[in-house]
Amino acid sequence: MKTFLTTTALALALAGTAHAEGKLSIYHWFEYIPQELLDKFAAEYDVEVTMDTYDSNEALLAALKAGKLGEYDVAVPGDYMVKIMGDEGMLDTFEPSELSNFGNIEDQWLDVAFDPGRKSSIPYQWGSTSFSVNKEVYGGDLDSLGLIFEPPAELKGKINVLDTAGETLTLASLYLGIPQCTADRDQLKALNDLVQTAKADWASFGSDVAKDVLVSGDAAAGMIWSGFSAKARSEGAPIEYVFPKEGMIVWMDNVVLLKDAPNRDNALKFMNFLLEPENAAAVTNYAQYTAGVKDVAPLLDPEVANSPESNPPEGVTGVFVEACPEEVQVMYDAIWTNLKK
Amino acid sequence: MAAAAPAGATRSEIYRGNGPRLMLPVWAFIGIFLVLPVLLMAIYSFLTKEFRGGVIWEITLAAYDQFFLDRGLFGDEPPQIEWTYIGIFWRSIWQAGLATFFCLLIGFPTAWFIATRNAAVRPVWLFLVTIPYWVNLLIRTVSMKFLIRDTGPLNEFLLWLGVISEPLSLINTNFAVQLGLFYSYLPFMVLPVYAAVERYDFALSEAAADLYADNWTTLRLVILPVVKPGIVAGCILVFVPSLGAFLAPDLLGGAKTFMIGSLIEEQFKGAAGNWPFGAAAAMILLTIVLGVLLLHARAQAKGGR
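Line by line, the protein sequences give chains A and B.
Following the numbering used here, the numbering of the first sequence begins with 1 at its first residue and continues without gaps.
Following the numbering used here, the numbering of the second sequence begins with 1 at its first residue and continues without gaps.
Keep in mind the hints are simulated off the structure, nothing from the lab.
C-beta atoms are modelled at their ideal positions from N, C-alpha and C, and glycine is treated no differently.
Watch out, some of these pointers could steer you wrong.
25 Å max Cα-Cα, derived BS3-like pairs, lysine-lysine [said to hold, decoys possible]:
id, chain 1, residue 1, chain 2, residue 2
1, A, 269, A, 294
2, A, 83, A, 341
3, A, 269, A, 68
4, A, 199, B, 302
5, A, 341, B, 256
6, A, 119, A, 83
7, A, 68, A, 119
8, A, 340, A, 199
9, A, 68, A, 259
10, B, 256, A, 189
11, A, 156, B, 256
12, A, 340, B, 228
13, A, 23, A, 68
14, B, 302, B, 228
15, A, 156, A, 341
Now the in silico label distances, taken between C-beta atoms and shown as ranges [as the list claims (entries may be wrong)]:
id, chain 1, residue 1, chain 2, residue 2, range
16, A, 303, B, 121, 57 to 63 Å
17, A, 308, B, 109, 42 to 48 Å
18, B, 195, A, 55, 38 to 44 Å
19, B, 94, A, 67, 35 to 41 Å
20, A, 303, B, 36, 50 to 56 Å
21, A, 97, B, 146, 51 to 57 Å
This is chain B alone, in the form it adopts within the complex:
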């Protein structure tokens, strides 16, 4: 079917001028699986809700009104700022931010440790980091629950050691949610940071030491600027999925408070059945994530100059 390449044409000459056509599959993929669903969601967020799920094709701002304005339990008080949903978003952002911080705190030294090993054993360490990923996230989260529950092995062990006399109440707390997020996403921090540290030229550290920089100054002024792209990438890879996580809050946190993910789920699956509101909440979440990524892109652009 396709025209044969003229005799003697090099490989790059075959592609010349065909760029847009060769990009078609990519654009089709992005269009069908990314742009179209997001567009659909954007449209739904401006439609009128139908009772018990579904939408009526009439344009309204009701979903955004519900998100930002509080008209009281019965809907007839003068509108005030609605803190409920902002609070849910803030809690999710805080949890995700904290998880990112802890992942960086543990992930950076881990990546450093692996990158400074003998080149022959580095793949083994990386392999060990990825092993938990062979198991489904749901299973890993439930297992964490079994480990830390009041009658679980962790508490039994501490009781046996005599460190504690009463089981620690770990399950159904924010601590448990943090633990779950940290455990789920730690490798997302380790791997990009490792990739950056591996390329670091240790002669730079020696040069810094020759110039009387102490360890802390070397880390701050020499190492961090060089490995920063890896750290930023790791932070985004941990922060973004943590923001929408609902397995950890549901299973480890006891589902006592909505996170962004469970709030949106409730609008589609729960008694509320308010699809436009779920779509609006998802759009607002998307806006926040895009904002974070744009900030990152701008910082990258500046760094490159």
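Next up, chain A with everything else stripped away, as it sits in the complex:
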């Protein structure tokens, strides 16, 4: 049976690639890479490119665990998920010499805690997670996470929060000033109480709709990723991205080489391709985050380079989301389920 399936798959693959030299199978976030760039790669290297998308780091992990490992060549997990996937043995390694553009990686992103020495990953884009507020609805100071977790009257019932436990509970922890992955009972109870109370003032939970609800006016404030907020602004939402005094989440998405990649060579070509300043700039101009690649700045659209979302004022702190150990994670899971029961 298995042989039969494999043969069929092979036959289909051959039929589909009669014109191309090879294939590349990408597993990527939604709305995160311009189609033109994929086409450019396909034309330059004579490779047939296919892409599936996911909407959260956890969904990526679940799909790979459920048997998709070996189907894709590259994926684009966030920082903490690179660490988790590495620990789970889902990543292949490469030598810097296999990527001629390896030297283009910005120094600050070369030796990162989630992949020391960049053995399995290269930077894709980095940015922050905070929230945006509709200035026509709320005219007060925009400087605190309290606008989301203890909102003023104008914003009550008009707030969208991200539908992922990691980001929402981390921002709540920053607001309370408690560490991530804490096992302290009083701190966890305070976190639970804060989100339980705040939920009454929230209109909806949604990650993929985070931009749309701000553009349509369904929400007057919403947690959002920096570049997504810039996109909402360029689509006409009268919003401002807030850099809270309590701090915000900083993240970096990375292209990783997956274990058992069916087209390892093409995967490395693609990673090398993305380290070209010109191509990294194309992603940044599209997604409106920040590339971790040298010499990108002169190639950026001025409105992207100067976007307020990508240029935090002095003194704003950012933290990476931490991957908690199991005995602590179950308590955060319980708080999240409790919140949505």
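Assemble the complex: chain A is given as a structure, and chain B must be docked to it using the hints.
Chain B in isolation, oriented as in the chain A frame:
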């Protein structure tokens, strides 16, 4: 390859004795696509969870324990009955039941209307009922969201009419979820009820009227018993998919509260990554649905006697 039928054998004689063999494809289909997945799920629900998704092959009742027993946020309090998940299930059942009720309320008169039209135009009406089904459910649900949002056409129109002075907050409410479920599954009620009403002999209504039954009595004692199988079938076809629906609660209800469908999804796709618990919740849902269907089967059997 196959042995030729003996000369002169009738069609039914060719099939005689081959029944079990001819049923093989059906059994294979049911076995591979129904029994096997459910069995797999049943097994998974008794396995030990692996951190961040996956299972360890050790038998445990932990998933069912988590579903029914509450040991506090930190897991060290004496066990009490866990109401969280029962509450989520109850809310889903309530929503599905309400959707079934509204579908019946609108679907029955609709089916009646179509069945009592001229035979030539009935197909046109049925055709109109099925047209929305040419469009994907996701698209229809999102469109509903655009219609009823604060700045959507419905509110704009009512504001323009002067019926309301502030936009109605319809989006992200239980009302919106109900509307979505009702709209999604209404034809599932109309079509089976129509099939039953169409076969109804209207001479029975005349006979009832001759015997001094008023309209209400005729409906209650004559029409309803005859079309009941259609109504029951319609109710099941609306109730069961509504129970597991997660598009309407997510898109129209704002995903503020878990429904059964989203609770199970979270166990496989979310940060929780607790596959055995997701499998256990799915098994419990399956048990409820099977229970409803068994009740229906028993009622049918009784009715037939």
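Okay, the hints, checked on the actual structure:
no. : hint                        : in the structure
1   : 269(A) - 294(A)             : 18 Å, holds
2   : 83(A) - 341(A)              : 30 Å, violated
3   : 269(A) - 68(A)              : 22 Å, holds
4   : 199(A) - 302(B)             : 49 Å, violated
5   : 341(A) - 256(B)             : 8 Å, holds
6   : 119(A) - 83(A)              : 12 Å, holds
7   : 68(A) - 119(A)              : 22 Å, holds
8   : 340(A) - 199(A)             : 9 Å, holds
9   : 68(A) - 259(A)              : 11 Å, holds
10  : 256(B) - 189(A)             : 21 Å, holds
11  : 156(A) - 256(B)             : 15 Å, holds
12  : 340(A) - 228(B)             : 38 Å, violated
13  : 23(A) - 68(A)               : 17 Å, holds
14  : 302(B) - 228(B)             : 13 Å, holds
15  : 156(A) - 341(A)             : 21 Å, holds
16  : 303(A) - 121(B): 57 to 63 Å : 58 Å, holds
17  : 308(A) - 109(B): 42 to 48 Å : 57 Å, violated
18  : 195(B) - 55(A): 38 to 44 Å  : 41 Å, holds
19  : 94(B) - 67(A): 35 to 41 Å   : 36 Å, holds
20  : 303(A) - 36(B): 50 to 56 Å  : 55 Å, holds
21  : 97(A) - 146(B): 51 to 57 Å  : 53 Å, holds
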